[in-house]
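**Student:** Single-letter residue listing:
There are 4 protein chains.
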Amino acid sequence: MTTPLDYQEIVEEIFQEIQPSLTKGNVANYIPALAKVDPNQFAMTITLKDGKQFSVGKSQEEFSIQSISKVLAFSLAIDIYSKSLYKRVGVEPSGNAFNSLVQLEYEGGIPRNPFINAGAIVVMDALISHYGGDYSALEKVLTFAREISDNPKIKFDAVVAKSEMEHASRNLSLAHLMKSFGNFDNDVRNVVQTYFKQCAIVMNTENLSRSMLYLAFKGKDPISGKEFLNELQAKRINALMLTCGHYDASGEFAYNVGLPAKSGVGGGIVAIVPNLMSIAVWSPRLNSHGNSLAGTLALQMFTRKSGLSIF
Amino acid sequence: MTTPLDYQEIVEEIFQEIQPSLTKGNVANYIPALAKVDPNQFAMTITLKDGKQFSVGKSQEEFSIQSISKVLAFSLAIDIYSKSLYKRVGVEPSGNAFNSLVQLEYEGGIPRNPFINAGAIVVMDALISHYGGDYSALEKVLTFAREISDNPKIKFDAVVAKSEMEHASRNLSLAHLMKSFGNFDNDVRNVVQTYFKQCAIVMNTENLSRSMLYLAFKGKDPISGKEFLNELQAKRINALMLTCGHYDASGEFAYNVGLPAKSGVGGGIVAIVPNLMSIAVWSPRLNSHGNSLAGTLALQMFTRKSGLSIF
Amino acid sequence: MTTPLDYQEIVEEIFQEIQPSLTKGNVANYIPALAKVDPNQFAMTITLKDGKQFSVGKSQEEFSIQSISKVLAFSLAIDIYSKSLYKRVGVEPSGNAFNSLVQLEYEGGIPRNPFINAGAIVVMDALISHYGGDYSALEKVLTFAREISDNPKIKFDAVVAKSEMEHASRNLSLAHLMKSFGNFDNDVRNVVQTYFKQCAIVMNTENLSRSMLYLAFKGKDPISGKEFLNELQAKRINALMLTCGHYDASGEFAYNVGLPAKSGVGGGIVAIVPNLMSIAVWSPRLNSHGNSLAGTLALQMFTRKSGLSIF
Amino acid sequence: MTTPLDYQEIVEEIFQEIQPSLTKGNVANYIPALAKVDPNQFAMTITLKDGKQFSVGKSQEEFSIQSISKVLAFSLAIDIYSKSLYKRVGVEPSGNAFNSLVQLEYEGGIPRNPFINAGAIVVMDALISHYGGDYSALEKVLTFAREISDNPKIKFDAVVAKSEMEHASRNLSLAHLMKSFGNFDNDVRNVVQTYFKQCAIVMNTENLSRSMLYLAFKGKDPISGKEFLNELQAKRINALMLTCGHYDASGEFAYNVGLPAKSGVGGGIVAIVPNLMSIAVWSPRLNSHGNSLAGTLALQMFTRKSGLSIF
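Protein sequences, first through last, are from chains L, U, A and G. Residues 1 to 311 in my numbering are what the first sequence lists, from first letter to last. Residues 1 to 311 in my numbering are what the second sequence lists, from first letter to last. Residues 1 to 311 in my numbering are what the third sequence lists, from first letter to last. Residues 1 to 311 in my numbering are what the fourth sequence lists, from first letter to last.
Worth double-checking, as some hints may not be accurate.
Heads up, the list lumps identical chains together, so a pair's fine if it works in one copy or across two of them.
Claimed, not checked - Think about it this way: if two alpha-carbon atoms lie no more than 30 Å apart in a straight line, the pair counts; the simulated DSSO-like pairs of lysine-lysine are:
id, residue 1, residue 2
1, 305, 49
2, 140, 58
3, 83, 24
4, 36, 52
5, 162, 36
6, 58, 36
7, 87, 305
8, 305, 226
Because the hints were derived from the structure by calculation, they are not lab data.
Just chain L, same shape as in the assembly:
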């Protein structure tokens, strides 16, 4: 069996081996504020049940978690989901790029899953309807981020959110298309703006890895003891991350890594080993599918070295 001591050795080995890959791929350039980040950085943090952490690289450097925030928003929405939201967004891999409109039109404005942009925007629309106003919904997501990370300082980067809003055409197009099909309740512009603020939440790998312990331990944070989700809900979110967590490269990620995980265009990825640990990696350069190139590789190395996977 792999002992706690080994994890530090493993991440340090990965850190050595990953170096040649840190200059490959490209930083997301459609969000100007993100394009300014030093692209060759790398960080990785493992957090165990008792809070013990194993890190390498710039594990205290903050980055924009972007689409990883969709997991937080969906965790908050999952009660609503089982009651009514499932009619408005599916749980099926899309087989298309994260921002495609084609499938959305063919399927009557119902997004395939909550981790593609259209789906995440519908989730925010539902949270706003539920919590009464975009400010409240955003506060709710931020409060949740602070609770799961056990860090009251977590906030979003207003400059990044503003930068995204200035390049929002594609997401506005998705939202208006859903509205044309009757799958939208609130003002399009406000919902998209609030969604961008959610995406602009900032964490480092230590925060992020700590945050996701609740998904590794059946919905309950093993350190604080707080129960954020029930066992079935946690299982379902893990399943969603496995089938839909990496846009149109989710199958490849499952095939090569074999862990539930969610990536963001800021270069972060968080992965779950059920009943054992949460792992966060970060490296800004992306592969052709919009997932961190070195981050994906590091997680693949990790599962090879540790023998851990859900399969």
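Assemble the complex: chain L is given as a structure, and chains U, A and G must be docked to it using the hints.
**Tutor:** Just chains U, A and G now, kept in the frame of chain L:
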């Protein structure tokens, strides 16, 4: 040869024979202000070179010309088109519904032709850039409508335009999608709003039939003698009407009627017999492709009875 | 008015001006037997009502008429079409490449029109069912070709047909897909093979131009006096050529040339000026849409110089 | 912890609770030989590491395993896959129906994964190339089926295979389309025929559950001790089953059941609990996505009752 006298007989025969069809099809219901029109009405007017008109039915009843206005806007834009606009919108039938996003995404935000919604919105965007402001562009279209109809009272219906703006999601989605591909210059909301005002221009079949003489006579109004387009430009717009004038039923219209024509969801259709006449029909109920059901039928009867067609 | 004398001058002017374009574009390479043709050749022939011809270039050089043969087959099938075949193939431009399966799947195995491959294969399937065997159907098409060209020597090139059969995967895929939707009656392989033989019919521009007079004169050959189609049928086939005659560049052809015409990947194009003439051009190099590059250009020059068009 | 004793109780509870669902859904009717099966049957068998089995219902009734055979074929091909086959077929969920051509055309004839029909046909094409002839490839699959089930009597049903070949249009269309893109080596008809024989392999739930132990135990059969795959290969096939095992309902299955599994239109499903067990269910009526309706439900009940899942 058919003599002028015959035309009145022909339209009266058509008026008799069309009666059973006036209760078939449905009025466009996605624009609430249009849905209020008495649905079983019918009018038809033929205008010859010398201005002589042959009418039946409610030929003085005004209706919203809707997509027929795209012909006016494109006539104004055709100079810009040959210089630069052709890179932003094609001249090819779409093979899809008038408001589809699928093809627009696959083809990088370049609409197939100026008579589908996306293409007409791009034309308005170009007119606004060219004439300096949405008010000027709209004024330009209205002035053109007044000149070709020789009727200074032509205006748009502000209630219909407002009603359309309240149900604008699909068109806003199209416009934002084009903007995301870099195929948009001005503010999305303003362009779409101006486009709706253009679509809300009101005419009766006498106005409409009179208006389009310039397309029947090589770009030059045979009554006023004003040259609105040159011969090549008029030919091209007629070609566009033939291949793209009836959305995804353009082929069927060419096959059954055989005349360049443009329809609108207000129930109007205008058709051209080159070097001879312009014909306007109106009946609010639409067939499954969004074209006037009785209007299409009336034009088919007309070409059968008169033996006229371009083929 | 343009006098007969002018036509020879016009085609000779075109022949001069077209020279620089004869080395542009590429010969169809997916049919090996066609790829062997000397690519820089050009021919053009105009035929008037009385049979008088005006030619330039290699107007006696034979070429494979390929998709132009679809006009012949559909002329033979148009009686069947109005009775039952219209349920199996439409008359609408496709908005897609000539051999696309996408639309065919979305639209339940019903091809958009008889001039895309799927549609032409369905027409052959119907001819075989009607005339009782693939040999009879092929004979019928050949006999028709001989009658309209007034040339009993017209035949198909067995080497080209065999070469096409060896590269038939795409067409076999289309045919099997239609069969899976129930839109196929006979053996897939035999129908496709017979279709290839039809496509391999060989003509020169003098034959081809002569052949299509029946479409310029309301279905009746003005020289032999034979009535091949009635007036409505001839009008409909001309309409189809205008909206669907050049695959996914039909709109552009109508916009720039303004005549009903049909092209083939062998480099031939035949165009109709109703009530006046039939024009055949040939040049093997194709543009990106699969139509003869110099041939398209020559027809555009012709309509500019002559002022002739249907619009 | 769940003890062995509990499994029998659990499957019996499921058997009671599933009864009302046995008359819902429809038997696959596009394969006439399959449509003859008595539709209201049900069976379920769990097999543990030591071979101990827990069954309910008609666990000795044989059925056509259909698409479940794709797991066997891919297990045989996975060595070839890592060397060269990965260029010819992906590992990504398709987001489309199991037999769609649309995506295959857009993606240049490369099927999304080996569990949709096009992908499985490519795998068979590769096996035939590798093992030298369709007979050898088929023998290889059958031998593998006999080894993993530890049952030398396993065979395919020639009547079912023949019935499928008589309704093969869609699969022939897929194969010819891939051939047109150069993604096919052998004769289309023979490959598809051999593929149908593979799909016609017959098992009961006891055989099927026994067979898949090698995937639950890292590639090695825990009873015979034979190593069919290495650990990484077994993990990858499990990942593929999770993301692609249920056509376009794979995400929903992962969300609701949470186990790697593969279904077939014969009504069978096999699921894996890594390191613990293999479960086979069978019930012929299918849901709208082509997966056994009662079988899916039974597995969902099982994970709820047992608390077992990979997440």
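**Student:** Now look at each hint and say whether the structure bears it out.
**Tutor:** A quick look at each hint next to the structure:
1. 305 with 49: Intra 20 Å, inter 26 Å, cutoff 30 Å: intra and inter.
2. 140 with 58: Result: close within a single copy only, 29 Å intra versus 52 Å inter.
3. 83 with 24: Between copies only: 24 Å across, 44 Å inside.
4. 36 with 52: neither (32 Å within a copy, 60 Å between copies)
5. 162 with 36: within (15 Å within a copy, 43 Å between copies)
6. 58 with 36: within (17 Å within a copy, 63 Å between copies)
7. 87 with 305: Close across copies (26 Å), not inside one copy (41 Å); limit 30 Å.
8. 305 with 226: This pair counts as between: shortest inter-copy Cα distance 25 Å, intra-copy 32 Å.
Going through the hint list in order, the structure does not satisfy hint 4, though it satisfies all others.
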